[in-house]
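A.B. asks: Protein chains in written order, with UniProt numbering: chain A, 1 to 406; chain B, 1 to 406; chain C, 1 to 406; chain D, 1 to 406.
For the record, the hints were derived by calculation from the structure and aren't laboratory data. One or more of the hints may lead you astray.
A pair counts as met if it fits within one copy or between any two copies, since identical chains are not told apart.
[Said to hold, decoys possible] Here are the simulated DSSO-like pairs of lysine-lysine, each with C-alpha atoms no more than 30 Å apart in a straight line:
1. K195 x K361
2. K370 x K250
3. K349 x K250
4. K26 x K361
There are 4 protein chains.
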Amino acid sequence: MAQNVSKVVLAFSGGLDTSVILKWLKETYGCEVVTFTADLGQGEELEPARRKAELMGVRPEHIFIDDLREEFVRDYVFPMMRANALYEGLYLLGTSIARPLIAKRQIEIARQVGADAVSHGATGKGNDQVRFELGYYALAPDIKVIAPWREWDLTSRTKLIEYAEAHQIPVPRDKRGEAPFSTDANLLHTSSEGKVLEDPWQEVPDYVYSRTDHLEAAPDQADYITIDFERGDAVAVDGEGLSPAALLAKLNDLGRTHAIGRLDLVENRFVGMKSRGMYETPGGTILHAAHRAIEGITLDRGAAHLKDELMPRYAELIYNGFWFSPEREMLQAAIDHSQQKVSGTVRLKLYKGGAHIVGRKSPNSLYSEKVVTFEDDQGAYDQRDAEGFIKLNALRLRLLARREAR
Amino acid sequence: MAQNVSKVVLAFSGGLDTSVILKWLKETYGCEVVTFTADLGQGEELEPARRKAELMGVRPEHIFIDDLREEFVRDYVFPMMRANALYEGLYLLGTSIARPLIAKRQIEIARQVGADAVSHGATGKGNDQVRFELGYYALAPDIKVIAPWREWDLTSRTKLIEYAEAHQIPVPRDKRGEAPFSTDANLLHTSSEGKVLEDPWQEVPDYVYSRTDHLEAAPDQADYITIDFERGDAVAVDGEGLSPAALLAKLNDLGRTHAIGRLDLVENRFVGMKSRGMYETPGGTILHAAHRAIEGITLDRGAAHLKDELMPRYAELIYNGFWFSPEREMLQAAIDHSQQKVSGTVRLKLYKGGAHIVGRKSPNSLYSEKVVTFEDDQGAYDQRDAEGFIKLNALRLRLLARREAR
Amino acid sequence: MAQNVSKVVLAFSGGLDTSVILKWLKETYGCEVVTFTADLGQGEELEPARRKAELMGVRPEHIFIDDLREEFVRDYVFPMMRANALYEGLYLLGTSIARPLIAKRQIEIARQVGADAVSHGATGKGNDQVRFELGYYALAPDIKVIAPWREWDLTSRTKLIEYAEAHQIPVPRDKRGEAPFSTDANLLHTSSEGKVLEDPWQEVPDYVYSRTDHLEAAPDQADYITIDFERGDAVAVDGEGLSPAALLAKLNDLGRTHAIGRLDLVENRFVGMKSRGMYETPGGTILHAAHRAIEGITLDRGAAHLKDELMPRYAELIYNGFWFSPEREMLQAAIDHSQQKVSGTVRLKLYKGGAHIVGRKSPNSLYSEKVVTFEDDQGAYDQRDAEGFIKLNALRLRLLARREAR
Amino acid sequence: MAQNVSKVVLAFSGGLDTSVILKWLKETYGCEVVTFTADLGQGEELEPARRKAELMGVRPEHIFIDDLREEFVRDYVFPMMRANALYEGLYLLGTSIARPLIAKRQIEIARQVGADAVSHGATGKGNDQVRFELGYYALAPDIKVIAPWREWDLTSRTKLIEYAEAHQIPVPRDKRGEAPFSTDANLLHTSSEGKVLEDPWQEVPDYVYSRTDHLEAAPDQADYITIDFERGDAVAVDGEGLSPAALLAKLNDLGRTHAIGRLDLVENRFVGMKSRGMYETPGGTILHAAHRAIEGITLDRGAAHLKDELMPRYAELIYNGFWFSPEREMLQAAIDHSQQKVSGTVRLKLYKGGAHIVGRKSPNSLYSEKVVTFEDDQGAYDQRDAEGFIKLNALRLRLLARREAR
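Please work from the sequences and hints to get the whole structure.
C.D. replies: Listed below in structure tokens is the structure:
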């Protein structure tokens, strides 16, 4: 297991776990450690991570702290939103979609500093290890990958804290006990799982929610908003043009207020087990609903139904960590091709956990009042065509029925 | 067009339109008319339809009034719910699923009374004409089908009312003017479309809703309920065993109170145009969420993902009127096969338009706390297996990346 | 039916049927007729069509004769070959793929000459009417379409010939009787159907074949050939670079000699009936086999399997006439994305009706002898990874089995 | 790795490799070994395996020799044939389909003799280890699995032979050198791979073929045969009713004579690499073609196209070893549902490597000469229906085109 490693790029949050990993990598591999801390909108200060790394002896030129929020939303979240991606019908893939970007940046840094290995703090039971490592291998096939949680013997929190104390790693008071659940956060969502959430019959306790206000505490007055789309991507809220990250942040604020985007789910992990998670995706939930609505008037049925049939596969690929795969890219090519005219404005009512579509309009609308109207349509549609349409669609069914009757 | 017809079975609501059709059929075809009125839970008295038919000269033995509510929910709604069917990601298919049952019963009656034709009151622009007629042809390939709206020249409401008055058909006062929208209702849903709904940018007016109380008027206190499932079908609410129709009615009551199941949608009709509809599916929306949740713990990933991939096709078949088709039956066979262990209990919180899953349990649960736990799992899962799993999943991606680097 | 038409572009072969149509259009609609005759490699002289049109009074500037062979193969046949498209598992879509090009050119000519209508000679039972007309409407939504076979009363060959004679249209001697079958030909294939082929239990008579030599008469000596591919398209045969049409013609010659590409098929038409056809696709059959083989070493599994799953839908779209549809274009975008590295050389043995792959090589090969070898692979693959791979793939199956055992 | 094992059921061919494994299991685990040798139609005597086992000290009651040919064809090959399964468009899955049956029988024996482990002789790079072990785990989730090729250090043939000689295991003369390729055989096919086949550009040498006569040596005279089907399964050849295994054997004889069913393929293994194999599936190739042909006249288009779309996934599941999975069973349920009327007779011409369909008939035929005929069909089909059919199919395309023109 202990391969020969000289320099490793570690995805480093600055928290207790990745601090222990930092130390453990040095001890175990005798290698130099390069830390990489990304701002994906998780809502934490990054400078403490820099100081922590410095304190632990990482050379300043080996400390990388990047604000990836715009890239994250523009190149990862938005392409996925174009697909209306939902894993197992419900999950907006907030964690899954962040991993490939982190992996990509780690590999870029590894190339820049001449590192021969990368490392992450994901456990051996989860999906994230797969997502990180498939990303690494897809971009740098010969990189060495170190997954401490699969290698070391710090198999309990007690051991981890003992290791930290033995190595002068400060242990915050609130980390001394077992955390009641674990979380992952970025601009798209916060996920929570484990411990108090492990019994899927028990309701998620109130204190687990961090990104949305409580349903009952949400305002009694609805908010009405509009979202403008251009070629499948949201570009403005209430008429105000915003960058991708700013737009998602804006929708997150709105979603937080109205308690939108909570999801209590038992899902199927790629590694073969079921797990129960709680997700909060306030802005993403609004965006998802709005994107479907703008597609409703601008996307042809053939394109829309093909998208719907491809979507579960596409979502599964992202969930399983195959963002950097030929088949995800093929599906993306198909999806993106469909979005050329997906422009216009959607109006939503936000209220007590719900993002309700109440209107949509577009210069590219395919909806034709003239054709669909109950009133006289002045020849836009000849009702007698329907007879032939039905007759030929029925022909094979009639031949079947005649066989039955034979 | 005017084929030789001697006896026709008409799907007869007793309303103005089908009354005019009844008369028109007699006038146009000189044929005997048999009326069929079904109780699908639309919430209207049926006896007035009988009296209306009698008044219009239909022979008593030619008036058929059937309570099909249990058959409707048990043999149509529930099988569809097993599939988690949503048309275009959102629509629970409330109108679509009722049509095949009506068609089937019409054909049975036609056989019983020796009729050679069937007729319905669906217009020439909609999906329902297709659903009715594909049903007729699939069950009786040589039946004659009369679709008055595609044949006659009563192309405006004024002409229709003139015809009614000329033929002593009573015109209710509220039918004199143009209805502001048109509706279809059954135990699963009420749909509304046309007129005031035709501009998809305009919010659906309050007065259009009939099956759900207004969002803002819903109770400030949530209700918690449980639904029990057996082999994929709901069998009890709050522990009380109920027949299919009674159960759906119970959920409808709960959904009405909490304003659950409203949907404002621009959808793609089978006949090629987009239309804007408003749907209220209170109980069905609760049921759909609950069924996904019980599957969450009882259905294997392979089965669940296959179901998700097949679902859009399945929903499209029902929407398009292909209930009685070999391919719908094939998909149903696959879906039903998956439901053998889908038993257990789901707990939901109903609040202000939302049906939120808060718990699920099952004697057949595949969720294993022992495997998934963050704690020591005592060997239930070997984290080192993950390395090999990732390595082999990555192999093809690495070979690709090496090719890129060549 | 008889709309107001002033100028119509007719797809005109110069044969008896389209000559009658030419006359009938003038008579029926009192309109000017523009003829369009395309060389798609059907192997017939086109100049006689010009003379025929002139004789029938078409103005010289209204006679269009175009050699579309290169465009046909490059922009229609090759994109379809990239998809490995087979309708119902077997049919290489030789007729289907030609129709959209003819439709497109007719619309271009209509725009050029200011015509308000187009017309074709396809019958009312076949797929071709659908393919032509969907093409017309997709490119010129308000064009008038005249389908004489659905409109006129020349419902038997006798009547057709009577009409021809009454209007001074020369009737070739061999057209006086009923043809024993009907054919369609282009550079990709010849199809035959009808009459002597209508009993699907009867073997196709020898005289029906026109594009391939008889199986038993094929050489006793095999030919070995190579085909070079670049980005998914064939570019050379036996090392000789050829244009798309020249390459397909070359493969047709080879296929003819070796009796390759015959297919006796009962297929399902879009209009709802089954028909029996005989197809000869000599070069296309070779190309299809070769393309799969070059993909075998250059295409990643994920891409290849996704293509295989999408293919039936793609083929169905082409068969049904939806070439110019958003969903066909979406699928094409996905397929084309996959072909970037599909370059290399395939070697085939042609013998007695078979096109057997015997070798393939590529600078982009993903096949790695080093990885796959039975010999010592020097660490290219760690067999122990397989254990973890299997264990995690098995995990959900084990959880299922434990449930069964409960 | 060396788990505590007391009794292991070994899939034992009696050849050198599994004899070495037998010994190695005893030596390494100190356990009792139970041998299981199956007759799947591989064409080898089984009694020598018994003697070999006895000689190596296996107790007589621990030697299991079963003729599984009928079960193999009836319960594995035939269900797969109903699906028209082809992996990667070409491979008839001859090896893949045998593995689950062997695994199932091993588990049955393990239960019978009270064994706690099973073992097989598949290598660590191939698919078969996966297929065996997924089968084991799906049927006995807590069974111990021993895969010697992944565990031991006999990593070259030289070491294997040294081990054999050191342990008094007889080494046949022809096994002393390296075999030029490795094979697997059963009633459905023989596969060959490795060594001389590892360069995919080199033609497969003549001496590799064992199940089919050379193409050029095949008779100059074609054979015509008929195959009768009942509910999707072949039941008779040339009118003679045969059991599943006897029928496949009969077709194998015919296929051998006419050199039918050879396939040179580069395929994608589940473990992530490409490999080149040569397959001979003489009877299976004939059966596959014939099954498609009988479906051609008896299966509705909707069912047929759904089958075609599901097939690649179904084939992939079998290839990857997921025979005993809920999703394979779901697909099987759908497929089997479609086969109820797939009965009738197919006529084929066998000639020089080709199995050409020349006729098909069925009491359940959906092919209607009356409907499809070019002649007057006496009202069986109204050509004017086609206009409405096309118009409504075109409607969305026209709306799209009008948008383009805006």
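A.B. asks: What label fits K26 with K361 when the C-alpha limit is 30 Å: within, between, both, or neither?
C.D. replies: So K26 and K361 fail the 30 Å test inside a copy (58 Å) and across (45 Å) alike.
A.B. asks: Checking K370 and K250: alpha-carbon separation at most 30 Å within a copy, between copies, both or neither?
C.D. replies: neither (37 Å within a copy, 40 Å between copies)
A.B. asks: Should K195 paired with K361 be assigned to within, between, both, or neither, using CA atoms and 30 Å as the limit?
C.D. replies: between (46 Å within a copy, 17 Å between copies)
A.B. asks: I want to check one pair: K349 and K250. Are their C-alpha atoms no more than 30 Å apart within a copy, between two copies, both, or neither?
C.D. replies: both (15 Å within a copy, 28 Å between copies)
In this structure, the earlier hints numbered 2, 4 are contradicted, and the remaining ones agree with it.
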